[in-house]
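First to last, the protein sequences are chains A, B and C.
The first sequence begins at 1 in the working numbering and counts up by one.
The second sequence begins at 524 in the working numbering and counts up by one.
The third sequence begins at 1226 in the working numbering and counts up by one.
Honestly, the hints are just simulated from the structure, not real lab data.
There's no promise every hint is true.
[Said to hold, decoys possible] Here are the computed distance ranges between Cβ atoms for each label pair: (1) D799(B) x E281(A): 54 to 64 angstroms; (2) D799(B) x R1231(C): 39 to 49 angstroms; (3) S1373(C) x A472(A): 17 to 27 angstroms; (4) R741(B) x G1304(C): 39 to 49 angstroms; (5) G1304(C) x E281(A): 25 to 35 angstroms; (6) P1461(C) x P586(B): 28 to 38 angstroms; (7) S627(B) x P1461(C): 52 to 62 angstroms.
[Unchecked claim] Residues from chain C shown here face chain A by an in silico Cβ test under 8 angstroms; the list is partial: (8) G1290; (9) L1296; (10) T1310; (11) G1332; (12) P1342; (13) I1346; (14) W1350; (15) G1374; (16) A1375; (17) H1377; (18) Q1378; (19) V1398; (20) I1417; (21) R1420.
Even glycine gets a Cβ: it sits at the ideal position worked out from N, Cα and C.
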Amino acid sequence: MTARVFVPCDALSVALGADEVAERLVAETAARSLDVTVVRNGSRGLFWLEPMIEVDVGGMRHAYGPVEADDIPSLIDAGLLDAGAHRTNLGPTDQIPELERQTRLTFARVGVIDPRSLDDYLAHGGFDGLRRALAMSPSDVVDEVEASGLRGRGGAAFPTGIKWRTVLGAPASPKYVVANADEGDSGTFADRMVMEGDPFCLIEAMAIAAHAVGATHGVIYCRSEYPHSIATLEHCIGVARQYGWLGTSIAGSVLDFDIEVRVGAGAYICGEETSMLESIEGKRGMVRPKPPLPALEGLYGKPTVVNNIITLASVPWILAHGGAAYSGHGVGRSAGTLPVQLAGNIRRGGLVEVPFGITVRELIEDFGGGTASGRPARAVQIGGPLGAYFHNDQLDTVLDYEAIAAAGGLLGHGGVVVFDDTVDMAVQARFAMEFCAVESCGKCTPCRVGSTRGVELIDKIVLGEQRSANIAQLEDLCEVLEHGSLCALGGLTPYPVRSALQHFPEDFGQRNQQDEHDAQENI
Amino acid sequence: MPIPVKPDQSTITTCAYCGVGCGFKAETSGGQIVRMTPWKEGKANHGHSCVKGRFAFDYYRHPDRVRSPMIRVSIEDPWREVSWDEAFAHAAGELKRIQETYGSGSVGAVSSSRCTNEEIYLMQKFARVGLRNNNIDNCSRICHSPTQFGLSATLGAGAASQHFDSILRSDVILVVGANPTEGHPVFGSMMKRSVRRGANLLVIDPRRTETVDSPHCRASVHLALRPGTNVLVLDSIAHVVVTERLYDEAFVRARCDWDDFELWMSQVGDARYSPDVVGPEAGLEPDDIRELARRYAAGPNSTIYYGLGVTEHSQGSTGVMCLGNLAMACGMIGREGVGVNPLRGQGNVQGGSCLGSWPHMFTGYRFVTDAATRAVFENEWKIDLDGEPGLRLPNMFDAAVAGSFKGLYIQGEDPVQSDPNRHHVEAALRNMECVIVQDLYETETTKFAHVLLPGSSSLEKNGTFTNAERRVSMVRKIVEPVAGLEDWEITVGMINAMGYELKYDHPSEVLDEIARTSPAYSGMSFELIERVGSVQWPCNTAAPEGTEVLHTVTFPRGKGSFMLTEYVPTKERVDDRFPLLLTTGRILSQYNAGTQTRRTANNAWYDDDVLDISADDAAQRGLRNGDRVRVASRYGETELSITVSGRVHPGVVYTTFHFAHTMVNAVTSDLNDWATNCPEYKVTAVEVTKVTKVGKVTKVTS
Amino acid sequence: MWSELRALRDGIDLGTPPRDGEPVTLSVDGIPVTVAAGSSVLLAAGIAGCTVPKLCASDTLEAFGSCRVCLVEIEGRRGYPASCTTPVDEGMQVRTTSDMLAKLRRGVIELYLSDFPEGDIDGGWSQLNTTLDQVGVHRLADDHPYRSGANHQGGVLDMSNPYFVFDQAKCIVCSRCVRACEEIQGTFALTIDGRGFGSTVVAGQNESFLESDCVSCGACVQACPSDALIEKSLFPGGYERADSSQA
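So that you can see chain A by itself, here it is in the shape it has in the complex:
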């Protein structure tokens, strides 16, 4: 009987040598005439253990990691196929503490199945959500999504049900469903993991959305820096068409819907929904003013649902288990779960799907294990390069959209990047301005000119030139950026800059107010 050994094909695993591991496994088992099928699964998201291979023994998965190609002979000798003991043995996968403590709804299948196998997908509840949705009216499907409390996971956190309701009610046609896979935030990878680990889930979600709003065309806009995702999606879309899950009369229903993948070209701003639509239309990726909302006038001026990958990937579960089940998780107005991406200077980085309500400290220490360097954590940036830097004192903030905002931050797409005490926050603040300057589309003046001036100001501050005047000007500039920018790129750049200035003034050559007062007193 064929033994199944799982080696992840996720881009991160590949970067750490998973392809070589798989090759070696195939070669070694062939040489020993062992009946083994190597399955390339998604990553479980436990990055410090990658490449993490698994073996299926009697229906239960056992994990080994991190594994190098040269470990394979000894692993096989040690009885890999029977979950034998080995230095890299991690025990049953589901019992790995950092995985066991998660609540995997959206990521339930990632790492479990072969992402390219329709059979595997179907065997794990795949297309249950779509089947149920197709038996409901479009309005009832929207009700279910509204009941779930799902909010946009790209960063805006707009209630998904309301967005779908708007598109459903729009009279124009045709309508579109666009999946935003431009995951540009540094330190984020949740979208990528879904596209590479459970792509049919995204396809199913878009079909559900199409049924709910009356759309006929879907586009997945994937950043060019994700070639593995693009290839996987293209393959699965082809398979879905072949077996009637895309195209005309999907699953025997009246739904006609198809999807194409469009590739970005190195512009962070094309993750902003209106720039993304411009890019899909073949134009410069420049931000459109709102109103009109894309829900009413989106792709080619037609009603368009634009959703983040995680938002969409949560939908099949919601339809299969009901909106109430989803909203049973979470706190306040943040319903459901968030796939947090732990990165930066962290011992145990990776994907942590938890219900809203956990604290940042728990994420970093319990799941993340503190810094990789072992030095104390000094700053935590939440929400991507435009998120605020949280100081140690703030780490008990609860993971909740409103609570993070109240603390002056931004939960965004769920990226959490940890810095230890060797970080220079002036460099980080400069990076925020520089990032804005590099990625600015150039349309609005605050961002186009202001971000460049911001970099220049910080350089002067760091060199000690007219420090107070330049800091005052930097604060004024942050105000103009925050309130005057056309989109969130310029609008959010002040968050990291201000939080750095406010919580880490010493890095800017500023003593904090008390020290300043004391120094004056001593003259």
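Here the structure of chain A is known, so what remains is to put chains B and C in place on it, guided by the hints.
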């Protein structure tokens, strides 16, 4: 100094160039024009402009300007500068002497479509009260006279039925034999706006013009028909409308003569006009003809815009009638977004048509033979008037060659360059004893003149222009006329010199006189135009501020008439000696004969006429891009440089006519429209051969 | 739509195209004003007599929202929306002046001034000059922190067209020229090349104006608020750049 000069005065006026008639503000500093900016309230242009009106105004102060009246006894003599009074006295004296010697009908006049309404009116008055005959014509003879004939015959009025903005309400736009993006650029931009908003563009033109295909504006059907087959193709479109029952029966029954319609139906319904027959002969796919017909008929609002590609043919008037018939059959008349619209080229050629500058008509298209109309003018002018139609300009030239026509007063026209059969025109002028030319510069025609009266540009006089929308707008004097008199003052001087006492203190009095004598203009006045900005005629008690859309309730004659339009191929045929068909057209940066634009920096874009030839035809003749070639027809030959172009199909070549030395009109044929003598400029059989040595060859053979 | 074009008035720029729709009544700085549905708040403010400074807005072009000068406050709405891209709503209450708005507008103008030839401002009469008057700042103080930063003062000076120049030093990248060439003329000869701070107006495939598809209609010259595109005829002695003043 980095700060720009700030104009101290701004005066609203109308562009001097094409029939769009854009409103402009002439901005001056210290009395000099420093720039022309488009007027936002101009209803033809809404604040937009093209390179000509916007920037190419320096011609008015070019050194070539004629600065003083001049006379000479023989055309070989040098010019002698004289005073205005002496010039008038000499010219009038000569004309009177000629009439005494050769008869009253031996002299005539030609008005300019680049002059104001008032000036054109005064030219026809000159002929009628000064020369006491009806030998008066205008240049629309050679461009849109078939419009006059054809649209009058079908719809009852020879003018555009819509205003330009109406195109924004059109669902289907059919452009026939016109290239608005080059010839009427500001209107072309409005057309493109409409297409970008979803209107369907259909084009009938031998060439793949800029109108057919430009960014975000592409024709969904382009019938690139063989030059000379207009009527054949238009009849075939009508065939589809009739045989597939796409016509608007309710409209035709209510608004048109049903008997005429049935006769027309049986003509176009005949098998010989079926697309399957017509397609091959015209070089088209039959299904393309069908698709165009179906789209046009389906509307809901379909509009037609056409140009000299329809009129300058031996069946020019017939082609226009086809368009009138088609619009009536499909019910596309009498509301916003539809209509039949000639794209008048000259700034005031519509004015020229309306104001009686015809040998057979007074103002408002009323016949000289009609006693009642004659009485109106006899009453107004206090003089008896000749009731016999006079000579058309081509007839004047014929009579001159025959020896019976000896004197001509030409206002702002250059027939030697512009009219067909150059040799004939030159011979005619040479035979005359007194040729009086009023113009801004010396031209090809002034080489044959005995009196040269310095004209005034439209920046130097007050008056009104009528654009292609029937829109009458103000022309205002910005600077003093170079030689001291505005054009209308010159014609008044000539009238007085002929012995008819006449005085106007201001051109507004001329418009008042026009209003008194012409029902369609009866409500028109400078005061009204200044108050509302511009007025589209008819302007009368029924429509005190003008009329935007014509034929909304009835046609001028009550019902619309369907005219029969049998196809008669032109006599101009290709054969082994002359296997290619030459057609002509305009380019954006140069204007017509180039008189004005060649004296501006517009030469930067286009400094010579060029022959467009297809790659196939070029290859067959061993030609490469930029080669000099001889273009020869049965009538003459000339030399040009070529551009190998994808815009022309094999078998067709194309050139412009902006440069005097090109003398394209030496090559075009003698043939003309059966009804109006409009020359068939658009179909000439030619051969193109490489010139092996550099040198100008321009020869007229016949 | 043509009735909207006919509502254009010489000498007045409403900021965004007038619309033809059902009347909507709102108040601007307490002044009630009624305009057609679909009109912008900027247009309504102008009709109410409340001047809102602007740069990238013109009533011959669709609203773009790039200069961020025309910001206003709207009762019940967060933030400081651009009035040109905000459609009017029945009963809306708009404030066109406040301390914060003055501060933001000043901040935006300072950014513009940090990359504009100082010598071209005094005595100028462009729309930019009008906006500087309205916002109340015409130059950066000698010790202003924005001085001597990156700039485009040595950028392209295209004199190829016989009638007008393009001087990149005065370009504020408002895109009015690009939009005019698209929406009014329909030639699509101009575009913005590059992105971010490197954004620059170019003709064709980064060619000279004369070599590009430009037909010299002048719509871009008409649209340009900062005299980056301007008629050569307004410079009797020939066009000259001001000395670079951002040293």
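Results for each hint:
1. D799(B) and E281(A) have their C-beta atoms about 41 angstroms apart, which leaves the hinted 54 to 64 angstroms range violated.
2. As the Cβ distance of D799(B) to R1231(C) is approximately 47 angstroms, the hint placing it in 39 to 49 angstroms holds.
3. Judged by the Cβ atoms, the range 17 to 27 angstroms given for S1373(C) and A472(A) holds: they are separated by roughly 18 angstroms.
4. Taking 39 to 49 angstroms as the suggested C-beta distance range, the pair R741(B) and G1304(C) conforms, at roughly 42 angstroms.
5. Checking the proposed 25 to 35 angstroms range against G1304(C) and E281(A) shows it holds: the Cβ atoms sit about 27 angstroms from each other.
6. Between P1461(C) and P586(B) the Cβ separation comes to about 18 angstroms, which falls outside the hinted range of 28 to 38 angstroms.
7. Between S627(B) and P1461(C) the Cβ separation comes to about 55 angstroms, which falls inside the hinted range of 52 to 62 angstroms.
8. Of the supplied interface hints, the one on G1290(C) holds, with its beta-carbon coming within about 4 angstroms of a beta-carbon of chain A, less than 8 angstroms.
9. The beta carbon of L1296(C) comes within 6 angstroms of a beta carbon in chain A, closer than 8 angstroms, and the hint placing it at the interface holds.
10. Interface restraint check for T1310(C): the shortest CB-CB distance to chain A comes to about 4 angstroms, inside 8 angstroms, so the restraint holds.
11. Evaluation of the G1332(C) hint against chain A yields a held restraint, the C-beta minimum of about 4 angstroms falling below 8 angstroms.
12. Given hint, P1342(C) at the interface with chain A, is violated; its Cβ is 15 angstroms from that chain's nearest Cβ, farther than 8 angstroms.
13. Checking I1346(C) against chain A: minimum C-beta separation of about 17 angstroms lies over 8 angstroms; hint violated.
14. Checking W1350(C) against chain A: minimum C-beta separation of about 22 angstroms lies over 8 angstroms; hint violated.
15. Given the 8 angstroms rule on beta carbons, the hint for G1374(C) holds: about 5 angstroms separates it from the nearest Cβ of chain A.
16. The interface hint given for A1375(C) holds, since its Cβ lies 5 angstroms from the closest Cβ of chain A, which is under the 8 angstroms cut-off.
17. A cut of 8 angstroms between beta carbons decides the hint on H1377(C): the least distance to chain A is about 10 angstroms, and the hint is violated.
18. Hint status for Q1378(C): violated, given a least beta-carbon distance of 13 angstroms to chain A, over 8 angstroms.
19. Satisfaction of the interface hint for V1398(C) is found here, the shortest Cβ-Cβ separation to chain A being roughly 7 angstroms, below the 8 angstroms cut-off.
20. The restraint placing I1417(C) at the interface with chain A holds, with a minimum CB-CB distance near 7 angstroms, inside the 8 angstroms limit.
21. The criterion of a C-beta within 8 angstroms of any C-beta in chain A is met by R1420(C), whose closest approach is roughly 5 angstroms, and the hint holds.
When each numbered hint is compared with the structure, violations occur for hints 1, 6, 12, 13, 14, 17, 18.
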